[in-house]
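Construct the entire structure; sequences and hints are all you get.
Numbering (numbering that gives the first Met the number 0), first residue to last: 0 to 940.
Treat the hints as calculated values from the structure; they're not laboratory data.
Nothing here was measured: the structure is a model prediction, and the numbers come from that model.
Glycine included, each C-beta is placed from N, C-alpha and C at the ideal position.
There could be a bad hint or two in this list.
[As the list claims (entries may be wrong)] Below, a list of computed lysine-lysine pairs in the DSS-like style, where the Cα atoms sit at most 30 Å apart:
#1 52 to 115
#2 833 to 629
#3 714 to 833
#4 629 to 439
#5 758 to 714
#6 629 to 430
#7 430 to 394
[To be verified] Now the in silico label distances, taken between C-beta atoms and shown as ranges:
#8 814 to 700: 29 to 39 Å
#9 325 to 589: 42 to 52 Å
#10 407 to 337: 18 to 28 Å
#11 352 to 190: 41 to 51 Å
#12 601 to 213: 46 to 56 Å
#13 359 to 337: 57 to 67 Å
#14 407 to 625: 50 to 60 Å
#15 65 to 308: 33 to 43 Å
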Amino acid sequence: MRISIIGRDIQLTRLHDLLTARDRGVGSIALVSGPAGVGKTALLHEFTQHAAKSGSLVLRAACSPRERSNVWGVVHQLLWHTGRCKGASQHTSDTLAAVGRSLTAVTRAPEGELDKSMDEFCAAVMELADEQPLVLAVDDLHEADPESLGCLGHLARRMVASRVLAVFTDRPGALPPYSAARAEFARQPGFHQLRVPPLTTDDIRLLLSDRLGVPVDEADAEEFHAASGGSPLLAQALIEDTRNALNGTEAAALRPVAEEMFDSAVADCVHRVSAPAADLARHLAVLGPDALTVLLDRNSTSPPTRLFQELTQAGLLAGPGLRHPRMRTVLCGEVSAEERARLHGRAAVLLHDNGAHPATVAEHIVVAGGIAESWAPPLLREAAAEALAHDEFPKAMRLFDLAHAICPDGPLRASILFQRTLSAWQVDPAKAMRRLPELKEALEAGHLTATSGAMSLIKNLVWHGYVDEAADVLRLVDRQLADDPGEQGVEEVRALQQWLSVLCPPFHRRMFGDVSLDVADEIAPAAIAAQPRLHAATALSVVLRGGEPEPAVVGAAHVLEMSSLTPTLETIPLALMTLYYADRTEQVDAWCITLLEAARERNIPTWDALLSSLRAANLIRQGRLLEAEKHSELALSRMSSRGWGLSIGMPLASSVFALTAMGRYDEARARLSRPVPEAVFETLFGQHYLDARGRFHLATGRLQAALGDFLACGKALESWEVGDTTLIPWRTGVAEARLRLGEPDQAVTYLREELARHKGCPRVHGNALRLLASTMEPRQRLRALQEAVDELQDSGSDLLLAHALGDLGRVYHLLGQSNRARVIVRRAYRMAKKCHAEPLAQNLLPDAERAADGRACAAGHEASEQAHDVLSEAELRVAALAAEGHTNREIARRLFITVSTVEQHMTRVLRKLNLSRRDELPQGLDSMGGSAAPAVSGARG
Numbered sequence: 000m001r002i003s004i005i006g007r008d009i010q011l012t013r014l015h016d017l018l019t020a021r022d023r024g025v026g027s028i029a030l031v032s033g034p035a036g037v038g039k040t041a042l043l044h045e046f047t048q049h050a051a052k053s054g055s056l057v058l059r060a061a062c063s064p065r066e067r068s069n070v071w072g073v074v075h076q077l078l079w080h081t082g083r084c085k086g087a088s089q090h091t092s093d094t095l096a097a098v099g100r101s102l103t104a105v106t107r108a109p110e111g112e113l114d115k116s117m118d119e120f121c122a123a124v125m126e127l128a129d130e131q132p133l134v135l136a137v138d139d140l141h142e143a144d145p146e147s148l149g150c151l152g153h154l155a156r157r158m159v160a161s162r163v164l165a166v167f168t169d170r171p172g173a174l175p176p177y178s179a180a181r182a183e184f185a186r187q188p189g190f191h192q193l194r195v196p197p198l199t200t201d202d203i204r205l206l207l208s209d210r211l212g213v214p215v216d217e218a219d220a221e222e223f224h225a226a227s228g229g230s231p232l233l234a235q236a237l238i239e240d241t242r243n244a245l246n247g248t249e250a251a252a253l254r255p256v257a258e259e260m261f262d263s264a265v266a267d268c269v270h271r272v273s274a275p276a277a278d279l280a281r282h283l284a285v286l287g288p289d290a291l292t293v294l295l296d297r298n299s300t301s302p303p304t305r306l307f308q309e310l311t312q313a314g315l316l317a318g319p320g321l322r323h324p325r326m327r328t329v330l331c332g333e334v335s336a337e338e339r340a341r342l343h344g345r346a347a348v349l350l351h352d353n354g355a356h357p358a359t360v361a362e363h364i365v366v367a368g369g370i371a372e373s374w375a376p377p378l379l380r381e382a383a384a385e386a387l388a389h390d391e392f393p394k395a396m397r398l399f400d401l402a403h404a405i406c407p408d409g410p411l412r413a414s415i416l417f418q419r420t421l422s423a424w425q426v427d428p429a430k431a432m433r434r435l436p437e438l439k440e441a442l443e444a445g446h447l448t449a450t451s452g453a454m455s456l457i458k459n460l461v462w463h464g465y466v467d468e469a470a471d472v473l474r475l476v477d478r479q480l481a482d483d484p485g486e487q488g489v490e491e492v493r494a495l496q497q498w499l500s501v502l503c504p505p506f507h508r509r510m511f512g513d514v515s516l517d518v519a520d521e522i523a524p525a526a527i528a529a530q531p532r533l534h535a536a537t538a539l540s541v542v543l544r545g546g547e548p549e550p551a552v553v554g555a556a557h558v559l560e561m562s563s564l565t566p567t568l569e570t571i572p573l574a575l576m577t578l579y580y581a582d583r584t585e586q587v588d589a590w591c592i593t594l595l596e597a598a599r600e601r602n603i604p605t606w607d608a609l610l611s612s613l614r615a616a617n618l619i620r621q622g623r624l625l626e627a628e629k630h631s632e633l634a635l636s637r638m639s640s641r642g643w644g645l646s647i648g649m650p651l652a653s654s655v656f657a658l659t660a661m662g663r664y665d666e667a668r669a670r671l672s673r674p675v676p677e678a679v680f681e682t683l684f685g686q687h688y689l690d691a692r693g694r695f696h697l698a699t700g701r702l703q704a705a706l707g708d709f710l711a712c713g714k715a716l717e718s719w720e721v722g723d724t725t726l727i728p729w730r731t732g733v734a735e736a737r738l739r740l741g742e743p744d745q746a747v748t749y750l751r752e753e754l755a756r757h758k759g760c761p762r763v764h765g766n767a768l769r770l771l772a773s774t775m776e777p778r779q780r781l782r783a784l785q786e787a788v789d790e791l792q793d794s795g796s797d798l799l800l801a802h803a804l805g806d807l808g809r810v811y812h813l814l815g816q817s818n819r820a821r822v823i824v825r826r827a828y829r830m831a832k833k834c835h836a837e838p839l840a841q842n843l844l845p846d847a848e849r850a851a852d853g854r855a856c857a858a859g860h861e862a863s864e865q866a867h868d869v870l871s872e873a874e875l876r877v878a879a880l881a882a883e884g885h886t887n888r889e890i891a892r893r894l895f896i897t898v899s900t901v902e903q904h905m906t907r908v909l910r911k912l913n914l915s916r917r918d919e920l921p922q923g924l925d926s927m928g929g930s931a932a933p934a935v936s937g938a939r940g
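Quick look at the structure:
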């Protein structure tokens with residue numbers, strides 16, 4: 000069986016039966032009806048070929064909408080074929096030719112003459128059929144010209160007892176004038192209608208097997224059937240595309256491939272359906288499900304069911320949408336850009352009038368390039384806010400931009416621009432900065448107020464160092480508040496004052512003068528909920544100016560609990576900085592981890608950068624240098640230098656400090672070569688930068704440069720009235736530089752001042768005491784370092800503790816206690832290695848011991864594992880403390896047991912490990928099995 004007529008056996012059989020009946024003198028009309036692309040033409044061609052071979056004279060015509068205006072066009076095609084048929088006599092051919100001329104001549108003649116001419120045509124056809132059995136085959140009869148339809152109807156009423164078989168094809172649902180002619184055909188006694196349905200799954204399986212040459216199972220055929228809707232036109236195109244894609248290879252699973260052939264078939268199919276159906280298909284491609292809203296009249300309540308049915312039968316639709324995603328691309332290509340914009344604009348208006356969701360309406364407005372409706376800008380702004388809530392930042396920016404573009408000047412346009420700028424700040428502050436001049440113009444025009452964006456504009460200007468411009472804006476706000484001093488506007492100004500006073504004190508003075516801020520009783524939970532930004536800044540101010548930290552810490556924690564990653568960027572960082580400067584490192588770490596997860600899940604680059612920077616600074620305090628550098632690098636990569644503005648000092652400081660402490664001096668130098676705005680040094684961030692740069696100069700031997708940085712930092716902090724806090728321990732930096740310059744007396748002055756100011760901060764006090772110990776004689780140094788170790792073990796800073804333990808070990812060595820010195824220095828060495836502080840680690844052990852330490856590392860780890868296997872938990876705790884150099888009395892005090900119990904445990908430990916002395920105990924026992932409690936009083940004896 001030929002491929003083109005697979006699944007058409009029933010229709011062919013019926014046509015052959017009618018052909019046989021015609022030979023007996025029973026004339027018939029067969030109307031082959033089916034949707035576009037279903038294979039009617041192929042069926043008609045197959046049948047006429049068979050009829051011609053069996054001795055019939057076949058007259059053919061094919062109709063087209065483009066030729067519908069050709070008067071007698073179909074009849075002339077039939078007559079033209081007559082002259083080319085071998086079976087027609089010369090007389091009959093001449094007669095038919097004359098009839099054709101007669102029909103043309105009487106086109107505009109009175110009706111009586113036209114009927115006479117059509118009678119002559121019918122008589123000539125009957126005469127031809129007497130000579131030879133005749134088949135009239137007309138394809139797509141619904142597209143025939145009205146005159147030919149009338150003539151064929153005239154013939155149909157006269158061919159019941161003739162040897163004529165008329166086979167026509169049409170598409171269901173055709174409109175007048177064809178519908179009247181069709182009714183005329185249907186009234187005749189010899190009328191037969193043959194419906195051609197879409198292909199079944201079995202039909203497609205046969206097609207696949209024939210074209211691909213392999214067996215095809217039903218599941219594979221189902222996929223092709225679903226993709227084509229049973230349309231032979233689409234199915235064969237899919238099969239050809241799949242065959243080309245396979246290129247002779249065998250696939251484990253046969254999947255339909257839609258490419259160029261399928262695209263051509265879709266375009267062909269949509270041109271075969273009726274014009275209204277084709278429009279619906281294109282509208283569905285352009286507008287999606289909203290196409291129905293556009294096509295329906297506003298007062299209509301019923302969808303165009305007939306058109307949907309026509310497209311479904313043609314294989315283009317599945318349910319309310321296009322059957323295959325590739326169809327949308329093909330059909331959209333047939334619609335001009337202007338028409339697409341018009342369609343989307345109309346869809347937006349109708350959908351809005353029908354109460355559709357703003358996001359749905361906004362999509363059409365965007366594609367339309369905007370519409371001239373007063374409700375469009377606020378609707379686009381609402382849709383943008385919803386997109387932001389779902390972290391769809393690019394989409395939100397596009398909606399804000401369009402809303403701003405189509406909105407007339409005024410407060411609404413300024414408000415849209417402000418929201419857009421504030422939201423863009425989360426993604427790229429540098430790009431957001433480009434809109435600040437427009438915002439300033441809006442403020443000058445009175446379209447922005449203190450409560451509708453002016454404060455954020457000022458902060459953004461300050462962020463980038465434009466302090467004079469920020470002061471100009473503030474003066475405009477002051478004039479507004481003088482005319483209308485609303486409570487919210489006043490609160491916004493107070494929040495700005497607090498923000499500037501803690502982060503950029505010189506800017507605060509330039510903008511507000513020497514106004515002192517009262518921060519007492521500002522951190523009540525109820526007040527925090529009402530003004531979280533104000534109270535986050537207040538909490539930080541309390542900590543920086545040496546106030547009682549606990550209420551500020553509680554207030555900052557409350558702010559963090561109620562805050563989320565919104566476009567208002569200052570609230571969360573201020574709260575985290577409060578915890579950071581209050582030395583709540585564990586809380587800072589926990590909050591940063593939680594918030595970073597949210598920022599990365601939502602893909603908010605600015606939040607990722609800010610939080611990574613804060614975490615890096617916190618990791619520095621814990622001595623986790625490698626992690627700190629990674630977070631600093633991430634922070635700097637997630638936002639451009641321009642985007643960071645003046646706050647770039649913080650991530651750069653953390654990076655330089657970490658790289659310096661790890662001995663990666665070239666990388667630290669490269670970081671310091673990165674340009675920073677001069678105004679950075681008038682901010683809190685700039686003082687961190689100076690401190691880190693001073694540490695780099697110390698490490699690389701530029702002692703005077705280091706001293707200059709530390710003194711500059713201290714001068715700034717003291718002038719800002721935050722010099723008494725633990726914000727940045729600049730005095731220890733000055734002292735360390737003085738010591739290395741050979742100026743111990745001046746160093747001692749700074750260290751004693753640091754010790755006096757910061758008794759409550761183990762990190763700062765312990766490190767200052769460590770440095771002061773270096774100016775003492777050995778016995779005094781021992782006691783001072785023991786106290787420093789005790790404090791630093793409580794500080795959470797492993798790096799500072801490693802420094803102190805190293806110094807303590809050296810003192811023990813000076814005092815002749817070599818075994819204890821070795822144990823403590825090794826502990827300091829391990830801690831320095833853990834911090835990745837390579838210069839410190841290398842300076843803690845002499846070269847020979849360093850080599851021995853490397854060879855003994857594996858053996859020591861093996862001995863530690865053996866101890867863990869054979870010792871009880873209680874014995875392991877005692878052994879761990881003994882290995883660190885603690886006496887039996889210290890161990891007893893630490894573990895809350897008697898000295899006798901310690902001695903008994905030690906006896907068993909040495910026996911089980913086959914050791915003779917306690918200084919032979921392996922290192923690393925404190926990291927095995929349970930913990931021996933923190934080693935406070937690190938080596939007192």
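Tested hints:
1. 52 to 115: violated, 34 Å
2. 833 to 629: Holds, because 16 Å separates the two Cα atoms, which is no more than 30 Å.
3. 714 to 833: Violated. Residue 714 to residue 833 sits at ~35 Å, over the 30 Å cutoff.
4. 629 to 439: Violated, because 38 Å separates the two Cα atoms, which is more than 30 Å.
5. 758 to 714: holds, 22 Å
6. 629 to 430: With a Cα-Cα distance of about 26 Å, the restraint between residue 629 and residue 430 holds, given a limit of 30 Å.
7. 430 to 394: Distance of about 16 Å is within 30 Å: holds.
8. 814 to 700: 29 to 39 Å: holds, 30 Å
9. 325 to 589: 42 to 52 Å: holds, 50 Å
10. 407 to 337: 18 to 28 Å: With a Cβ separation near 25 Å, residue 407 and residue 337 satisfy 18 to 28 Å, so the hint holds.
11. 352 to 190: 41 to 51 Å: holds, 49 Å
12. 601 to 213: 46 to 56 Å: Once the Cβ atoms are compared, 49 Å apart, the range 46 to 56 Å for residue 213 and residue 601 holds.
13. 359 to 337: 57 to 67 Å: violated, 23 Å
14. 407 to 625: 50 to 60 Å: holds, 56 Å
15. 65 to 308: 33 to 43 Å: Violated, at about 25 Å.
The structure does not agree with the numbered hints 1, 3, 4, 13, 15 stated previously, though it agrees with the rest.
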